[in-house]
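Trainee: We have chain W; now place chain H onto it with these hints.
Protein chains: 2
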Amino acid sequence: MVDFKLYTPTEVVFGKDSEAQLIPLIRKYGGTKVLIHYGGGSVLRSGLLLKVKDALTEAGIPFVELGGVVPNPRLSLARKGIALCREKGVDLILAVGGGSVIDSAKVIGYGLKYDGDVWDIYDGKYKPEGSAPVGVILTIPASGSEMSDSAVITKDEGMIKRGYNSDWCRPKFAIMNPERTYTLPAYQTAAGVTDIMMHTMERYFSHDDDMLLTDAIAEALMRTVKECGEKLLKDPENYQLRAQIMWAGSLAHNNLTGCGTTSDFATHRIEHELSSTYNATHGAGLAAIWPHWAKYVLSESPGRFAQFAVNVVGVPNDFKSAEKTALAGIEAMVDFYHRIGMPTSIPELIGRPATEEEIAEMAFKATRSRTVTLGRMKVLDYDDVVEIYRLSNV
Amino acid sequence: MVDFKLYTPTEVVFGKDSEAQLIPLIRKYGGTKVLIHYGGGSVLRSGLLLKVKDALTEAGIPFVELGGVVPNPRLSLARKGIALCREKGVDLILAVGGGSVIDSAKVIGYGLKYDGDVWDIYDGKYKPEGSAPVGVILTIPASGSEMSDSAVITKDEGMIKRGYNSDWCRPKFAIMNPERTYTLPAYQTAAGVTDIMMHTMERYFSHDDDMLLTDAIAEALMRTVKECGEKLLKDPENYQLRAQIMWAGSLAHNNLTGCGTTSDFATHRIEHELSSTYNATHGAGLAAIWPHWAKYVLSESPGRFAQFAVNVVGVPNDFKSAEKTALAGIEAMVDFYHRIGMPTSIPELIGRPATEEEIAEMAFKATRSRTVTLGRMKVLDYDDVVEIYRLSNV
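As you go down the protein sequences, you meet chains W and H in turn.
At position 126 of the first sequence (counting the first as 1) the number is 227 in my numbering, and the numbers step up by one without a gap.
At position 374 of the second sequence (counting the first as 1) the number is 475 in my numbering, and the numbers step up by one without a gap.
Just so you know, the hints here were simulated from the structure itself, not pulled from any lab data.
Any given hint might turn out to be false.
In this list, chains with the same sequence are indistinguishable; a pair is considered to hold if it fits within one copy or across any two.
[What the hints assert, rightly or not] Pairs of lysine-lysine, DSS-like flavour, derived with a Cα cap of 25 angstroms:
(1) K396 to K466
(2) K154 to K106
(3) K106 to K152
(4) K152 to K396
(5) K421 to K256
These figures come from a predicted structure and were not determined experimentally.
Bound conformation, chain W alone (with noise of 0.2 angstroms):
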């Protein structure tokens, strides 16, 4: 095990009632203008915003209105939420929405006290100092930004997709009711559950840190996810299924699952390329890629992705070769993707292959023009991420 950090600071509420605590929750953060920050349709088609105006117009809390954050958001609308909230002395920003929305926010937010351009974060040229507070109504379970310290944001021109993490972020409070994702659509909510495990694995394929309790509660949150996720898109209505998969959505990506261990987040970033170059569905990119990446690192560990295959996935402990256990355990992970109809390669996700030259680009990119290695149980340079741009194309 390594030392480590966990500062959770995040006000959680969560349950049937938790809307009820919007407005406290708001004056607990200083907040006397709020700016609310949406995507599109659903958060209008089921009245949450409605009810959340409604709720600021009785409370006296003036507020202006930004929608139309889309999947992978782009600096565009944040630096107009920027121009905006400086324009009408904003002081709170609340998401409401999934995990775009959260980030975009958070961009918002970190813009808010800079005087430059905010992208100077994401560029490397620029350490922030704070942000104005963020609080979040949770609508779509899937990023756990509602509790993480990451922003990632899409620059439009050339569709850079870049990730920035920073305690400064972390939202100030996170409503979460899970009745609000009843309705998410089947795809959506298997994507989520996708994301939700890939979070806490990709803290869990630590090459040779762990630690016991760590590795305990990652497992029992892998375990729950998976089942519950399986089970949820037969009976989307249910609440305790619904709940397990919201609340697991936090843990999993606050770094309770990452104490102790060094964590491997090479398939969000080989996945980064994919969902930005294809406006992809985040999750279902990350099922095209892990499955392909842990074949490919899998003798650097085998004993670990066995104990996955056996405590996580559930299969049978093959005591004569940790080798084959961990490869019924990725197979199995590729049934259980299909069967909550996830694609396990790029063709599945994209319905095309990708063209060699279109890898050599995404490779390129996450790469940061070779500049960058990618991974920890296996240090991914550009080569290695090309071949495994290549394994999932088939």
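Mentor: Frame of chain W, contents of chain H only:
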């Protein structure tokens, strides 16, 4: 499951090099004049106190000291601390020690934000509206006070032991170096292990509310603590084992393992009177009470006790009888307590049976002069509490 809130703002820095973060953390949380609060011998003997003072001196941060915190910490010393901090202009309290020191520091923190007598909070006469910031260097894993919202204090006159919970008192930071716990005596280590398990057991034994993910995490934690705790007594300088216990201590009581459950803290309440009456070690007192509480309430939910027996204690499931499985689990816990050197009855705890007068007095205090009931799985009144003391008294 029930609606829940989780608020764990404490910044945890964990590991061998964690103490190096002390000065940055004090500065981050606004400490310009510090009270170093501690107990007695061990932090002096280990050199930790000297190290802390040297670090503060070198950083140019002025400080005052107040040692002498005893187990079941006393209101009188906390009052002295409040007066000292007022006189010297202290703005951050640094607790160096275990649960007693941290709780005493929290009471001082409350007192600095209240003009009246701090006992008013424990007497129900005043609801705190703030606290001076408290930081922690943890040396005894057990109470979980380093992340919890709880502060227990004993009023010297009449040895009245009371707890109060509010988010105000959650520590701003907690520095945890497992190496600092190598020299803990076996009895104290075992009492800590018992207390840690109990914090999660009391959240786990909810009547009919449960949450799959919380159960899975709670079971993972209890299993890990039980296994590592027993191993530790034969291998007290094993970093991995010490680290699991130390981290579990925080997670067991920051409410992670109670999300969505109702919890039943009757055992803690019944024990508090034991430790304050006989000045016994709190964790040891819990072991002396729990098996008797468990048998007394078992019929309310045999299935839940059977789940604990199989998933945590590792006894085989008797599929014909949840009650038999449950009882086997309780007996296995009794064996476990004995193996780690914990008492499982009042005579084992204090060296003689309690008198009937003492039992009546303790039950009277535990039910606040017969005005309150304890617990939820089975609601316990004065007569029930008397009966549980008697069951433990043979």
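Trainee: Now tell me, hint by hint, if it's right for this structure.
Mentor: Comparing the hints with the structure gives:
no. : hint         : result
1   : K396 to K466 : within (23 angstroms within a copy, 63 angstroms between copies)
2   : K154 to K106 : between (37 angstroms within a copy, 24 angstroms between copies)
3   : K106 to K152 : between (38 angstroms within a copy, 22 angstroms between copies)
4   : K152 to K396 : neither (48 angstroms within a copy, 49 angstroms between copies)
5   : K421 to K256 : neither (50 angstroms within a copy, 62 angstroms between copies)
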